[in-house]
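J.: Residue numbers for the sequence shown follow my numbering, beginning at 424 and rising by one.
This list has only true hints and no planted wrong ones.
When the alpha-carbon atoms are kept at most 16 Å apart in a straight line, the in silico EDC-like pairs for lysine to aspartate or glutamate are as follows:
#1 Lys900 with Asp865
#2 Lys740 with Glu688
#3 Lys811 with Asp729
#4 Lys467 with Asp823
#5 Lys981 with Asp965
#6 Lys981 with Asp927
#7 Lys814 with Asp865
#8 Lys1031 with Glu1084
#9 Lys811 with Glu769
#10 Lys459 with Asp823
#11 Lys917 with Asp975
#12 Lys1003 with Asp955
#13 Lys1003 with Asp992
#14 Lys981 with Glu925
#15 Lys1076 with Asp1053
#16 Lys1076 with Asp1035
#17 Lys459 with Glu769
#18 Lys1040 with Asp1072
#19 Lys1040 with Asp1053
#20 Lys981 with Asp930
If you're looking for bench data, these hints aren't it; they were derived computationally from the structure.
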Amino acid sequence: MKRKLTIIALFVTSLFLCSITAHSLDKMDESIDYSKMTPSELHKIMAEMKAGNLEKSRAFAATADKAISLYNQNDYDVGFYTVDITVHLSDTTISGDVLVEATVVAASVDTVELDFYANLTTDSVYNTTGQLGFSHSGTKLIVALDRTYSNGEVFSFSVAYHGRPTGSGLDGFSFDFRNNQPVITTLSEPMSARTWWPCKDRPDDKADSMDIFVTCDTNLYCASNGTLIDTVRNGDGTWTFSYQERYPISTYLFSLAISNYVVWEDWYHYGDNDSMVIVNHVYMDRYSTSLIGYGITPYAIGVFADLFGEYPFTNEKYGHANFEWGGAMEHQTVSSMNGSSFGFTEPVVVHELSHQWWGDMITIDNWHEIWLNEGFASYCEALYYEVKDGKAAYHSYMNDMFYTYGSSIYVVDTTDVWNIFSRLVYDKGAWVLHMLRHIVGDSVFFDCMRAYYNSDFQYGNATTAGFQDICETVSGKDLDYFFEDWIYGTYFPKYMWSFRSEYDPSDGRYFTYLQLRQGQTTAPLVFRMPIDIVFTNATGLDTTVIFNDVRDTIYIMKNDQLPTNVQLDPDSWIHRYSYKSNWTYHLIPFPLDTAQQFMPYLDSVVAKGGTDHHSYKITGGALPLGLTLDSLTGFITGMPTQAGTFNFDVYAKDLMSSYNETRTYTLVVEASPYIPGDADNSGNVNLLDITFLINYLYKGGAAPAIPNAVDADGSCAINLLDASYLITYMYRGGSDPLPGCVE
424 MKRKLTIIAL FVTSLFLCSI TAHSLDKMDE SIDYSKMTPS ELHKIMAEMK AGNLEKSRAF
484 AATADKAISL YNQNDYDVGF YTVDITVHLS DTTISGDVLV EATVVAASVD TVELDFYANL
544 TTDSVYNTTG QLGFSHSGTK LIVALDRTYS NGEVFSFSVA YHGRPTGSGL DGFSFDFRNN
604 QPVITTLSEP MSARTWWPCK DRPDDKADSM DIFVTCDTNL YCASNGTLID TVRNGDGTWT
664 FSYQERYPIS TYLFSLAISN YVVWEDWYHY GDNDSMVIVN HVYMDRYSTS LIGYGITPYA
724 IGVFADLFGE YPFTNEKYGH ANFEWGGAME HQTVSSMNGS SFGFTEPVVV HELSHQWWGD
784 MITIDNWHEI WLNEGFASYC EALYYEVKDG KAAYHSYMND MFYTYGSSIY VVDTTDVWNI
844 FSRLVYDKGA WVLHMLRHIV GDSVFFDCMR AYYNSDFQYG NATTAGFQDI CETVSGKDLD
904 YFFEDWIYGT YFPKYMWSFR SEYDPSDGRY FTYLQLRQGQ TTAPLVFRMP IDIVFTNATG
964 LDTTVIFNDV RDTIYIMKND QLPTNVQLDP DSWIHRYSYK SNWTYHLIPF PLDTAQQFMP
1024 YLDSVVAKGG TDHHSYKITG GALPLGLTLD SLTGFITGMP TQAGTFNFDV YAKDLMSSYN
1084 ETRTYTLVVE ASPYIPGDAD NSGNVNLLDI TFLINYLYKG GAAPAIPNAV DADGSCAINL
1144 LDASYLITYM YRGGSDPLPG CVE
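Generate the whole structure from the sequences, applying the supplied hints.
T.: Okay, here's the thing in C-alpha cells:
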C-alpha cells in the first residue's frame, strides 16, 4: 500500500498564559517504555485510568445538590444536537449554546429532563416560540416546553450557558498544559458529558447526528468527531472549527481536543477508487514517534475490515489526538491518545481503533455490558497479531491476557467503579470470544462477528443477550450454557485429571479411562465446556472432544493404539487451570446393562488401580429385590422382582492399600409383560390360577394367554407339576413362581 503523509497544520505558541490553573490529571511517566509491557499490564493501565475518572466523577456528583427527578428520560428520543462552544483560555471558562432536537416516545410530554451539572450557569433556554421556563440544580436541567407534545411529535430547544467546568480533578473538560503549551481536552466516559454540556447522558440514546462548532485561539487547533467542514477566522484572535458527525453517536463518544498540534494525514484505501483520510493531531515533539506509532493504522483498519466488515465511518475519517489524561479513549472517528509512549504503543493503537467497530458503531446498551466494548477490543489485539504474525503469536498474546481473579464479567454492581473498568472485562472478556471461537469453529465464529456487525445493532446499542442470539442463530448451537457460565459466573474451571489405558481383547483396541474433576469452590461449581483431548501414541496423535458438564467423572474412550500420554486442552482454548496426576484408584462408570423383571441378570461394577484386589459394598440406595452384589468380584447377579430405575452407591476399596472410592450407579429394570404363576392373566397369583391350570390340562379349558406365566416351576413345560408348585407356594411356604421358558 502506497502511503501519502501530509502535514496540514503546525501551530506554535510561544507563551502559555500563566493565569491558567490546570486540573490535576492522572499523568503518565514519559520515561517509561510502555511498548515492553504485556497486554494485561497495558489493560490494567487502561482500566485503572477509566475507573479513576469515573470515581472522581461520582465523588464530585456526591457533593452536588441533589435534585429530585420527577421526569422520565425514556419519554423522549434524542435525534440531533448542535453544540457550539467557545473556549476562553484566559480564565479557563467556556460558553456554549446547545440545540436539542428530540421525538416524543411516550403518550405525551410537556417537560423534559437533561443531565447538566449546575457548576455551569444556564443563561437561558429558548426555541422559536421564545424563552422557556427551566430549573437547574445539582446535576439536572428541567425544561418546560412551550406546549404539550404528543407521541411521535418532534420538539426542540436551545440552552445557552457559561462557566468553568468542574474542578476537583474531574476530566470531563480539562484545561491543562504540557511543555508550557495549552492542552484543552474532554473525556466523558462513562457519564461526564453532563459536566460540560447539557444532554441526555446515557449510552443507549444515540443522537442520529451532530453539528459541532468550536471557537478557540488561532494559535490552537481543534480536533473533534466526524468531518471538518470549515474553519472561519473571526478577526479577534480566534477561529471557529465546524465539524459534522453524520453517524449516530453516544454522548460519551463526543470529544474535543485542542492544542498547538502538528496535524498530519494518512490514507486508508478500501476500494479501487475509494480512500478515507486518517487525521493525526500530535504534540510537536511527538511527531516522529507518531509516524511510527500511528503509521500502522491503514494496515490495521484493513485487518479488521477483512475480519468483520468495512470500517464503520468511511464517509468521515479516522484519526488520533494527543491529550494529557493517562490512558486512551475511543472517541468516535478520533481516538484520544496519551502523549507518552503509551499512546503510541501498537496494542493500544490497535485497541482503540477496534472500538470503532465495537463500542462506537455498536455501543453498549448499559454499563453492565461493558465487556462488549472492552473485551471485544482486547480480543481484537490478539486477532491483529494473528493476521500480522501468525497463529503462534495469537496464542501467545491470549496467554498473556490470562486473568486469575473473580467476579462476573457482567457487571452486577455498577456503583463500584472498579467493577466497570477492570482487567476482568478486558482480559477475561477477550477470553470469552477466544473460547467461543473454538466452540463454534473458526469460519462460523467470524460469520457470527460479521452477522453482529450487520445486525439491527449496527449504529445502535447491544446487550449480551442480543449478541448471544446472533451467535446461536448463525452457529445453530445452543450457547446458553456457555454465556451463563462465563459471562454471569465467576472465576474459571480448575481441572484435575489422570488417565489409565489397557488392552481390550474383545476387539484388539485399548480402553482409555480419563478421570476428570473440577476443583473450584466458587460459582459455578461446574463449567460446562467441550474439551479437546489429545492422545499420544507410537505413530502420532489422536484427538477427540468430550463435553464436560459434571464435577467429577470418568470418560471411557477407545483407541486403536496404546496411548503413552494424554493432554487436556493442549492449545489453551479454555481459560482454566489444569493439574495432571497419576492414576490411583477409581471405579469405572461402565453403564450397567438393562435388566428384565423376573429374568436372570448378570453384570458387574469394576474398580481399576491400586493393587487390583478389591472389595465392594453398597453404601447408599439399594439394588432391586432379587439382585445381590458380590463383595469380592463386583458381580451383580440374581433375578429382579421389581421393575423401575434404581440408583445406588457402590463403595470400592483396595484390599492392600488405603485407596477407595464411592460412585453412584443406575440400574434400569424393565417390567415383565406377565407375573410368573398368573395362569389366568388376572394380575394376581391365587387359587383361581390353580383352577385355570387344571381346567386347561384335564377339562378342555381355555389355553393360557401367556404360556410362560403358567410354567411356574420354570421347567419349560406346562404340566401338573406347575399346579403342584403353585399349591406349595401358596399353602406350604414354597419358593416364588419362576419365569417360564416355554416360548
